[in-house]
Amino acid sequence: MNRRLSLFNVTSLVLGFAFLYLPILLLVIYSFNASRLVTVWGGFSTQWYGALFRNQALMEAAWVTLRIALLSATIATVLGTLAALALTRYGRFPGRTLFTGMVYAPMVMPEVITGLSLLLFFVAIDLDRGFWTITLAHTTLTMCFVTVVVQSRLMTFDRSLEEAAMDLGAPPLRTFFTVTLPLIAPSIVAGFLLAFTLSMDDLVIASFNAGPGATTLPIKIYSQVRLGLSPEVNAASAILIGIVTLGVIAATLISKRSALRSSKEAH
Amino acid sequence: MRRAFAPWSDPAAKPLIRFENVTKRFGDAVAVDHLSLNIFEKEFFCLLGPSGCGKTTLMRMLAGFETPSEGAITLGNQNLAGVPPYRRPVNMMFQSYALFPHMSVEKNIAFGLKQDGLPKDQIADRVGEMLRLVQLEKLARRYPSQLSGGQRQRVALARALAKKPKLLLLDEPLGALDKKLREETQFELMDIQHELGMTFVVVTHDQEEAMTMADRIAVMDHGRIVQVATPGEIYEQPKTRFIAEFVGDVNILEGHVQGLENGLWRVKTPSAAEPLTIDDPDEVLNSGQAVAIAVRPEKMVIQRDPPPPGTRNVLTGEVWDIGYLGDWTVYRVKLATGEILRVTRANASRFVENPIDWDEQVFVTFAPDAAVILAE
Amino acid sequence: MVERSLTRCLAAGLVPLVPFLWLCVLFLVPFLIVLKISLSDPAVAQPPYTPVFDWSDIAGFFSQLDFENFGLLVEDDLYFRAVLSSVRIAAVSTLLLLLVGFPIAYGMARAPERHRSLLVALVILPFWTSFLIRIYAWIAILKPEGLLTQALMGIGLISEPLDILNTETAVYVGIVYAYLPFMVLPLYATLEKMDDTLLEAALDLGSTPWRSFWTITVPLAMPGIVAGSLLCFIPAVGEFVIPDLLGGSETLMIGRQLWSEFFSNRDWPLASAVAILLLLLLVVPIVIYRDVEARRVEARP
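Those protein sequences? They're chains S, H and X, same order as listed. Quick note on my numbering: the first sequence kicks off at 732 and runs consecutively. Quick note on my numbering: the second sequence kicks off at 34 and runs consecutively. Quick note on my numbering: the third sequence kicks off at 6 and runs consecutively.
Derived from the structure by calculation, the hints contain no laboratory data. Possibly wrong hints are sitting among the right ones.
[Stated by the list, open to error] If you want the footprint, here are the derived chain X segments under chain S, 3+ residues with CB under 8 Å:
{"id": "1", "stretch": "254-266"}
{"id": "2", "stretch": "269-283"}
[Unchecked claim] Derived pair list, reagent style DSBU-like, types lysine-lysine, alpha-carbon separation capped at 35 Å:
{"id": "3", "chain 1": "H", "residue 1": "Lys-212", "chain 2": "S", "residue 2": "Lys-987"}
{"id": "4", "chain 1": "H", "residue 1": "Lys-153", "chain 2": "S", "residue 2": "Lys-987"}
{"id": "5", "chain 1": "H", "residue 1": "Lys-212", "chain 2": "X", "residue 2": "Lys-41"}
{"id": "6", "chain 1": "S", "residue 1": "Lys-987", "chain 2": "X", "residue 2": "Lys-41"}
[To be verified] Simulated restraints on C-beta separations:
{"id": "7", "chain 1": "H", "residue 1": "Gly-150", "chain 2": "S", "residue 2": "Leu-801", "range": "33 to 41 Å"}
{"id": "8", "chain 1": "X", "residue 1": "Leu-100", "chain 2": "S", "residue 2": "Ile-760", "range": "40 to 48 Å"}
{"id": "9", "chain 1": "H", "residue 1": "Gln-394", "chain 2": "X", "residue 2": "Trp-219", "range": "30 to 38 Å"}
{"id": "10", "chain 1": "X", "residue 1": "Leu-103", "chain 2": "S", "residue 2": "Thr-976", "range": "40 to 48 Å"}
{"id": "11", "chain 1": "X", "residue 1": "Leu-203", "chain 2": "S", "residue 2": "Ser-954", "range": "30 to 38 Å"}
We put the beta carbon where it would ideally sit given N, CA and C, even for glycine.
Build the full structure now, drawing on both the sequences and the hints.
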């Protein structure tokens, strides 16, 4: 089969990707702007990066955000993987419909509702708002995404591989750890990364559940942005974008290598 | 020498596997229906049937992935009920091969041995032995995705053989291979089975494969076994019309029994002017009973000149199609009744003078002992 | 043997039980609390509501529940207008997303196979960078004297500065930009699977390219169109960040209303009532989405 790109296809691709990437590119370029006015070019400078690292409050918020993201993504990965196994391997069990509903609902529910309901819950059980409430909230939200990612991998999983392991003498639990887990590991990693990013990125749910003790980076950035453009925020954004880009490139390289191996798994 | 092997005809022989009145239901669907079967040690046994006939379910019950709804399966002296797959002395070669994609060839082969907790050096020896057996020594470190289809098939075989199971199950072992490779591998499988003295149970839908390899074939249909016999018996003495049509090509002529004459059955059929004479003395038939006469294409003779008077079983028709296959030529002959007969002729010589051509009027004959009578 | 299988049963039961309980405690219970509080009275206190609930007084609990807050939502047409405008903005955005996303997904599906995974990665990549930052980037572009005005005036297309920021147009731009991956990926997934020979067959049978597009490509891409549209429409209705940062004060959206009831007016019962209202608004599309999703998953081999 010979698919050819028409001029229309090429144009829409070029315009589409320009639309996706130009704003980010401009943001990064203007983070090196010497002028305080974000939209007027005043020459090259890295002064805002210096200012950023001297901004104690911002750095503290970044550290809190990172810790919350790591912790909540780890718990969410464990819970989400268990949930995915429950949904694909346990057939019908009592409460399955409710379970499925609770997995899907947080993903499609507006964040304002999730944030509000969790806050009211924490108030009701008299839990002080701060690091732990945000972590619990993020774990709950992101475990659903992990579930869906791992579940979709488990659904395409060739069950005869597990049968082969058992046929060769491996009991169910050992089959899981020697065959199933290594093969679904890429999807679990992907789920973890997704959970981590969502937690790092979340403003709305964190705003509801943050307390005086803990402010996250998105909350800090948001309050600065509300006051107007700030070159420091540009610099912070550029750094975050840089980290994500490197991370995605690394992940792509790793998954390419493992994809080579598992691509022929089906046959 | 192998033909002398026939424990199934020895009443004193003790079967290795016994299915006793086994039924398997999935919801309302009956996959295996009150089935009893004996398989003997060192036998190469084929389960043959169209897809959905229950042969795979039967095999999966042996492996332990399905449990019978009713009845019992015994292996040696052990009742297999409640024994999980990982405790059965049975190994299986999967249709998809089910090679672990994250393990190299040697790790795949070593997997079952590791589960038994064998010491490392013994595992290594055994893996080396298996690799030699399937001639893959050079590919030990490769991953399944780096192998060709034929090589993967060998790894799957080596992995299943590594534990020296009492019984090896093979689910469509050659299904994914191309025709040439399939033929070679058939003979290799037979050699390996003979060499290791193991019992093989093969599931296949390919009758040629079953005919080539098996000591005995069980033909299955709708969850039941229709006939268990050697390949020769299945082909030459099919019990039912289903088997005659499923295994090989066959011409079926329908008619009614007229009676027995000198030990030969006379059958009146609209397809031929004279009643047919069939030598099938084992059949017990009544006069007037509706029967089907099955004649294999290669047992029919096609000729242009009228046969001498008194020749038995003469059919006349017109050549409808000619297919030249190199070793054989296939003639499709249309009878006056509209039925189409398939007649094959071996191309024994390179040149034939004045060969039979399209649209010619021809005579088709067959010997009384070439046909089988199947009660309808 | 019995003991072994008992421990195995327990271990096996824990797999669904742990995440199930987690979701019950941290999703279901909070949700029920919202429902309860939406039926309570506001109070100047900490927390700022009177919990109309006392375990010892079940009858009293039911008698004290009232629909006062919901009455308020109906009386004050601010909420009604917010709902309407949320749905309108989400619907228009979804349409725009389809218009922008389809050509991109189509181009990706027709690109040479070796480039496709790179293109998919490029569509996903922005999603991994902060949502807030991506919206923030548009402020500098859209504001008066911003980069867009500078660029357009630079090439002489306009003479007056554009005033887009703090209008609904800016909200559309923001939603289309932020949600584009959610539209492109489902579309691409269906278009990529489409057999090219179908189009060739249509052309061979005398259908023009334009007709073939509407009679072959679009119907076959329908699952992707529906999934992508719902995936964009549902969160867009409840969107807070985009209208808050780009929409200015006149853009009325229900998610934003909830936020301000909660943080500015500190009327938690009313905020809860708004949350329930917003959820009711989304029940239908969410149910459809789940249905579509379930069918999509089942359709897989």
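For which of the previously enumerated hints does the structure constitute a violation, in increasing order of number? 5, 6, 8, 9, 10 and 11
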